[in-house]
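Chemist: Next come the chains, spelled out residue by residue.
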Amino acid sequence: MINGLLWLLGFQLVGEVVVRSLHLAVPGPVVGMVLLFAVLQWRRPPAGANLFRAADGLLKHLQLLFIPAGVGVITLLHVVGDHPVPIVGALVVSWIAVLLVVGWLTQLLLGRDAGAARR
Amino acid sequence: MNDALDWLRTSPLLGLFLTLFGYRLGLELQQRVPVAWKAVAQPVLVALVVIGTSLWALDISYDDYLVGGSIIGFFLGPATVALAVPLHRQAHHLGRMFVPMVVALPVGAVIGIATGVLAVRLLGGDHVLELTMAPKSATTPVSLAISTSIGGLPALTAVLAIVTGIISAVAAPALLDLARIRDRRARGLAIGASSHGIGTSRALREHPTEGAFSGLAMGLTALLVSLLTPIVLILL
Chain P
1 MINGLLWLLG FQLVGEVVVR SLHLAVPGPV VGMVLLFAVL QWRRPPAGAN LFRAADGLLK
61 HLQLLFIPAG VGVITLLHVV GDHPVPIVGA LVVSWIAVLL VVGWLTQLLL GRDAGAARR
Chain E
1001 MNDALDWLRT SPLLGLFLTL FGYRLGLELQ QRVPVAWKAV AQPVLVALVV IGTSLWALDI
1061 SYDDYLVGGS IIGFFLGPAT VALAVPLHRQ AHHLGRMFVP MVVALPVGAV IGIATGVLAV
1121 RLLGGDHVLE LTMAPKSATT PVSLAISTSI GGLPALTAVL AIVTGIISAV AAPALLDLAR
1181 IRDRRARGLA IGASSHGIGT SRALREHPTE GAFSGLAMGL TALLVSLLTP IVLILL
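Going down the list, the protein sequences come from chains P and E.
Heads up: the first sequence begins at 1 in our numbering, then just goes up one per residue.
Heads up: the second sequence begins at 1001 in our numbering, then just goes up one per residue.
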């Protein structure tokens, strides 16, 4: 567990340093994710590696980690209450548009086997 | 009692406990409600109600809560790095997915920005609200940074991003079923592109492939939205 966490924190650390020294507009953890993916593809650790156990443990409860930021939402709900129609309307319309367009477009580009396969 | 409450305000114990307790209660509730309600009984939503009510009842401010809450929030960083693991396990799909990803994700990013801005304009919001809505498809910290740089209201953008994620966790799978988007890879990209991390946590629970591509789409969308928002805003 400790080793696994060290790997994750280490890659985040490298990601944050890269982002800050190159002034990138991407978050550090996303760069860390890309770097870790590259290293995993290269080294191919065994299925029972500590890193996998730590990663699976964290991702199993990914939504827990958003709760503190979500509580901040409650404190700002009055702002939404001032302009409910443009805020809520635009949010929902835009969300549905992206969800459907990306889904349909991907399925279209994947071709005929897309619909039935990978259930 | 008041002394104890004063101590709790400065201690991380309360925020940590309330967050884990609210989440645990949410998981329990989701297990027990009838099938039809499972999608709505999202643990995040339940936790927000439990924590919000507790803070209000105990008269504790958001900043006091964050003393403990931020300890849990911190792990979003390593968890984002950890998304490399499901992606690594699904890497055999990546070859076939290259063209769909390179086309669908930029299109999705542009549509997210453009529909956000235009819908606010159409529904009677002002210019600042348009700028606040534009980057909401990106993951919370990125959308916040973009909103700051284009002149929106960053705190409100963060709220919009989180609310988008929660709506998605509740409704995305049903909506994708309705639209006959059944391919797990396509569903994953759609959820990650439209609803970042909270959507991804739901996708991970639906199917490993869906979760892996949702995580990937979330990372790339964050990058694309930060690059494309200024350009789309000029065109609109």
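Everything labelled a hint here was simulated from the structure, so no lab data went into it.
C-beta atoms are modelled at their ideal positions from N, C-alpha and C, and glycine is treated no differently.
Some hints could be false.
Unchecked claim - Listed below are several chain E residues computed to face chain P (Cβ distance under 10 Å; list not exhaustive): (1) Q1031; (2) V1035; (3) L1055.
To be verified - Covered stretches of chain P, as calculated for chain E (at least 3 residues, CB under 8 Å): (4) 4-16; (5) 62-71.
Chemist: Taking the hints in turn, state whether each one holds.
Modeler: Status of each hint after checking the structure:
no., hint, verdict
1, Q1031, "violated (15 Å)"
2, V1035, "violated (19 Å)"
3, L1055, "holds (7 Å)"
4, 4-16, "holds (count 6)"
5, 62-71, "holds (count 10)"
Checked against the numbered hints above, the structure violates hints 1 and 2; every other hint is satisfied.
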